[in-house]
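Peer 1: Fit chain B to the given chain A structure using the hints.
Taken in sequence, the protein lines are chains A and B.
Adding 811 to a residue's 1-based position in the first sequence gives its number in our numbering.
Adding 48 to a residue's 1-based position in the second sequence gives its number in our numbering.
What the hints contain is simulated information worked out from the structure, not anything from laboratory work.
Please note that the accuracy of each hint is not assured.
Unchecked claim - Here are the simulated DSSO-like pairs of lysine-lysine, each with C-alpha atoms no more than 30 Å apart in a straight line:
(1) LYS255(B) <-> LYS920(A)
(2) LYS822(A) <-> LYS326(B)
(3) LYS326(B) <-> LYS248(B)
Quantities reported herein were computed from a predicted structural model and do not represent experimental measurements.
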Amino acid sequence: MERKAQVQPSKINLFFRDYGWCYVFITVPILVFLLFTFIPVIYAFIMSFQNYHVMGSTFIGLDNYKQMLNDEIFWRSMRNTFIFTVATVPVSVAITLVLAVLIFPRGKKMQTFFKASLYLPTVASGVTMALVWFWIYDPTNMGLLNMILNYIGIDNQMWLGSSSTALFALILMSWLTGHGAGIILYLAALGGIPRSLYEAADIDHASSWSQFRNITIPLLKPTTLYLLVMGIIGSFQVFMSIYLMTQGGPNFATTTIAYLIYVHAFEYYQFGLAAAESFALGIVIILASIFQFKLMSSDVEF
Amino acid sequence: MSQPAINHETPLNRRPERKKAAARIISYLILFFWIVITLIPLYWMFVMSFKDTAATASFSPEWFPKRPTLATYIRFFTETDAMRWLGNSLFVSSVLTFTNVLFCSLAGYAFAKLRFPGRNMIFWMLLGTMMIPAQVTLIPVYIIVVNTFQLGNTYTAIMLPMFATVGNIFLMKQYMSTLPSTLIQAARIDGCSEWRIFYKIILPISKPGLAVLAIFTFVATWNEFFWPFLVTQTSSMRTIQIGLASFKFAESTDFGAMMAGSVVAALPMFILFFSLQKYFLQGITIGAVKG
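Isolated chain A (complex conformation) (with noise of 0.2 Å):
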């Protein structure tokens, strides 16, 4: 009897003996998602009913939610969002397919040279690209863009300034910046689709523009796919330039909802209202999300 109580270790001991180190390897990570993600998701959605103060908060119920549909710039900060989303996400990723496209039948040294020089402008930060653009929208005849307009007999704009332009200057800047991942994504997923295919597509006689339709295309889907729920995710969440270039105006011009949710947190402390219009934010994006997977994973199928 004694023997045997020795011999058999009890349950617990040993399952720490033959997964202790499993969980104490994922300890950490998990500290870092309760306290950072798990707990915060919840005490936000606890927050946006309340009335959020230090010294105590009150419950409000929907109150937040109202003051938020009733709010003219609300609804303002959710269009421009919509609008600066639509105009640059698919731009850039058409952008980056055709980049990638004429990219990848080069040797492999020029494939080198092509993608270092179009990844360059990635590594540098938000920051410095956004200050080297305010520069570039300069009013004055000191900014390039002006400058540039000038030769050609255009006058200068206020390219920021005005509000018919400040948005329009943020989403061509989003146009011709950070291509750099999405085209060596794309190169990679190329190098994947089999040469067979545009070699019996060649002996049917198909023009490239079809193989580029009906091969490259469709088999280069997930990467779109990828490229586009990021980018989506991503211009939905715009605000360092936002916040150095125009400070979301001139009068709301270009004020995201993203900015707004940190002028209303963080300008005027009001963290109930700032909660729930993140997660208005939240359900927004993933729904645009589902909505993409569902649209581009319903027709063709290989």
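Peer 2: This is chain B only, laid out in the frame that chain A set:
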């Protein structure tokens, strides 16, 4: 008699070749045009950083600075806490790179190669949080760090939420699952402890993956703006990005020194990129393509 036949044949044979050559020229033109477009802002930044106030304010554009000067750099370093900002960035990025390499490779290994109850559930829970936009958790995280833990304006506050990130765990899991399991099993039969297996076998053979993780974490934390911006109040606690941004809101914008600062903030990353280009260009595909 034979002439018409030749005339008839040659264009047919040549046309695809000519078409191909034309297509190649056009595609090179487009690519070089695009490189010019994307690199001009960076070139502009470099040029402007070597011009002094008189030249930057002059209304004639200069594509090459006629009288290059370091005055803007001197101003940037003497009139701001630039050295301190750079030091802060270096410290924060180094610590976060170390913690991410250690903890994310441990977790990635556990999720890829070890079996334990709840493994899949925990992994998918972690991965699922990548869907939640940062804004949702931002305010409570701020309250927890600044009000509950009283860590406002400290290095700990800047680093804590990025101590180990889900993206990096996912990257490591993807990478580790390609390693051969037989090595691990052999070591286990020999009586190796799990920690020893990780330390002595897994880490050494994962070097390329760890290098990618380290580089990307370093660049990302060096370039991080929003969170350090929220939790730092005093100039001495700012990272280079926040310091640079604060420069813009000085009373009158000193474009020359601002561009000098931008170069200072970006140059270490450019050097890192050029010396470790291979890792950058390969690394992007590890997490994304198969995911």
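Peer 1: Please go over all the hints and tell whether each is borne out by the structure.
Peer 2: Outcome of the hint check:
| no. | hint | in the structure |
| --- | --- | --- |
| 1 | LYS255(B) <-> LYS920(A) | holds (25 Å) |
| 2 | LYS822(A) <-> LYS326(B) | violated (50 Å) |
| 3 | LYS326(B) <-> LYS248(B) | holds (26 Å) |
The earlier numbered hint that this structure contradicts is number 2, and it is the only one.
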